[in-house]
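Q: The chain contents come next:
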Amino acid sequence: MNNIFVYIETEGGKVADVSLELLTKGRELADRLGCKLEALAIGHNLAGLDKTVGMYGADTLWVADDRELEPYRTLPHTAIICGIFGEEKPQIALFGATPVGRDLAPRVSSTLGSGLTADCTSLVIGDYTDAKSGKEYKDLLYQIRPAFGGNIIATIVNPDHRPQMATVREGVMRKEEVKSPTTPEIKNVDVRKYVKDTDLVVKIIDRHIEERGIDIKNSPVIVAGGYGMGSKENFALLHELADLLGGEVGASRAAVDAGFTDHARQIGQTGVTVRPKLYIACGISGQIQHTAGMDQSSMVIAINTDPDAPINKFADFVITGDAMEVIPKMIKYYKQNSK
Amino acid sequence: MGKQLKVVVLAKQVPDTRNVGKDAMKADGTVNRAALPAIFNPEDLNALEQALTIKDMCEGTTVYILTMGPLRAADIIRDAMFRGADGGYLLTDRAFAGADTLATSYALSRALVEIKPDLIIAGRQAIDGDTAQVGPQVAEKLGLPQITYAEQIESIDDRQIVVKRRLEHGVETVSAPFPVVITVNASAPECRPQNAKRVMKYKRAMTRSELQAAGDDYMQFVENKDYLKIVEWNVGDIDADPAQLGMLGSPTKVKQIENVVFQAKESRKLTVSDADINSLMVELIAGHTLG
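Chains as they are written, first to last, in our numbering: chain A, 1 to 339; chain B, 340 to 630.
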């Protein structure tokens, strides 16, 4: 009882990276609190997941396996989670901030009347004193996230309601296998106990999933463009440099909002988090909403006309000037020197 | 597509956090709200466009905005009326202040119980919070199904609505019976602009508080013009449990707010000169940062 639950998201029977990242974080929190780490998988044809979650330290694996549960639909998944949480009373529940997690977790939190913090960048255990009542709380989950367009960092707590719920984006937490894998106790869920016919009113008529096309997350080099690139056409130059360096093109939210490139390339709090060997930021001012997704890059080159751009604080090399002038030179001198 | 629907669009007036200038933060680390213009939350405009598209498709359909906020949030209701909405509801009271997403969703859901729409459409998320929680939580509070990340309404008949959703790596088409809550993605069509004739007709649409401030002459002017009345509801106008509203009804508490301050890296400054760029590329190759 009062354990930590991680919702396991699966894609075609394979566990999503974000769920493994949450298990790694969950293991750390469970050790700190002295409680168990429980994984909850809902879908169809889920055999074999126990090995995977055991490698990431889960003590228990709940499996709700039924034809109606795959592909994901909000209501049946919510019903199962709320049913199990109602009985098990977890103190913490973690979800990936994926399209599924961001559809599911709010529904669950509303049903249970517990709070939910979206897109946390850090989760830490700590104490809290209510400023008004003076009441003290021990070992709460600090849910830390950028807020207000990334201009502030907020620490959120849920003093009186359980579970304390948070979503975390893929790539934000580290994924790490435990030294000695656990053999999780498997608990098979009686799906019909929780899912009513009224939970099946939304019907999936058609579904078309594309292969993961753009994968900037695992690219060793990222050439990222911001609003300062000025146009979609100018982004072509970024692609030229990225192709040459064996990298991928990324973008800030402002550039994506302006239509310069696809959302799949967006780096930052509401996009992808990356840790490349080299990050070249072109015409990116460097608001925290963006830098939250790239500040663990090994090396950063910032190209910006503004000598005081915030991105420069993260940069190993600051080039003050127009990216449209600098990038062709980088292409030229890379070609000249790489022979 | 003959169904007459009552559609409510959930919308929020937000500070424009997308292009925050250097003066957006005060010296003491708090947000300088005066430096940020208040705008119609972008994805709520995508939601409004979906609602107006349904109004075009299904004759007799009406579209109303529901927003919670201070009195000046009536601006976005007028904006929506200029673009094609029939009217709106402003939920405003100090009792709602300090609400997290759950307390917000509860207040909105209690207003929706009064309005009784067939269809509720909201933007996926607001740019000042980026949580994407209010849509699903309103649906849960009302016991309705939800369709998130909608990109296009495919069809509507007497029984159901068919919607195309944008997923991370694909699309999904789903059907749901009425009533239902739909949240709309930024990838959906942009909202139509304000219409000049509608601006002329609705520019003097006001809430009760605005009317009182405008004076007696104006009160008489609008007396028989119901289309100029924006509904203003306080906490007493909805049947709500005070313990679930505002700060009191919010399970999440803000423990701490920090201004973002970074220890700057020690960076080397380069110019755009050929010599500087050349030596940079030589160094990156020599250090095996580039292969």
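By construction, these hints were calculated from the structure, which means they are not laboratory data. Remember, it's a predicted structure, so these values are computed and weren't measured experimentally. Certain hints may be false.
To be verified - What the simulated footprint calls covered on chain A by chain B, stretch by stretch (three residues with Cβ under 8 angstroms from a Cβ of chain B suffice, anywhere in the stretch; the number is not a length):
| no. | stretch |
| --- | --- |
| 1 | 67-75 |
| 2 | 311-325 |
Claimed, not checked - From the structure, some residues in chain A lie toward chain B, with a derived Cβ separation under 8 angstroms:
| no. | residue |
| --- | --- |
| 3 | Arg-32 |
| 4 | Thr-111 |
| 5 | Phe-148 |
| 6 | Glu-210 |
Beta carbons: idealized from backbone N, C-alpha and C, even for Gly.
Q: Are the hints correct? Go through all of them and say.
A: Outcome of the hint check:
1. 67-75: holds (count 3)
2. 311-325: holds (count 12)
3. Arg-32: Hint on A:Arg-32: violated, closest Cβ of chain B at ~18 angstroms, above 8 angstroms.
4. Thr-111: The hint holds - A:Thr-111 has a Cβ within 8 angstroms of chain B, the shortest such distance being about 6 angstroms.
5. Phe-148: Where the cut-off is 8 angstroms and the nearest Cβ of chain B is about 6 angstroms from A:Phe-148, the hint holds.
6. Glu-210: holds, 5 angstroms
The earlier numbered hint that this structure contradicts is number 3, and it is the only one.
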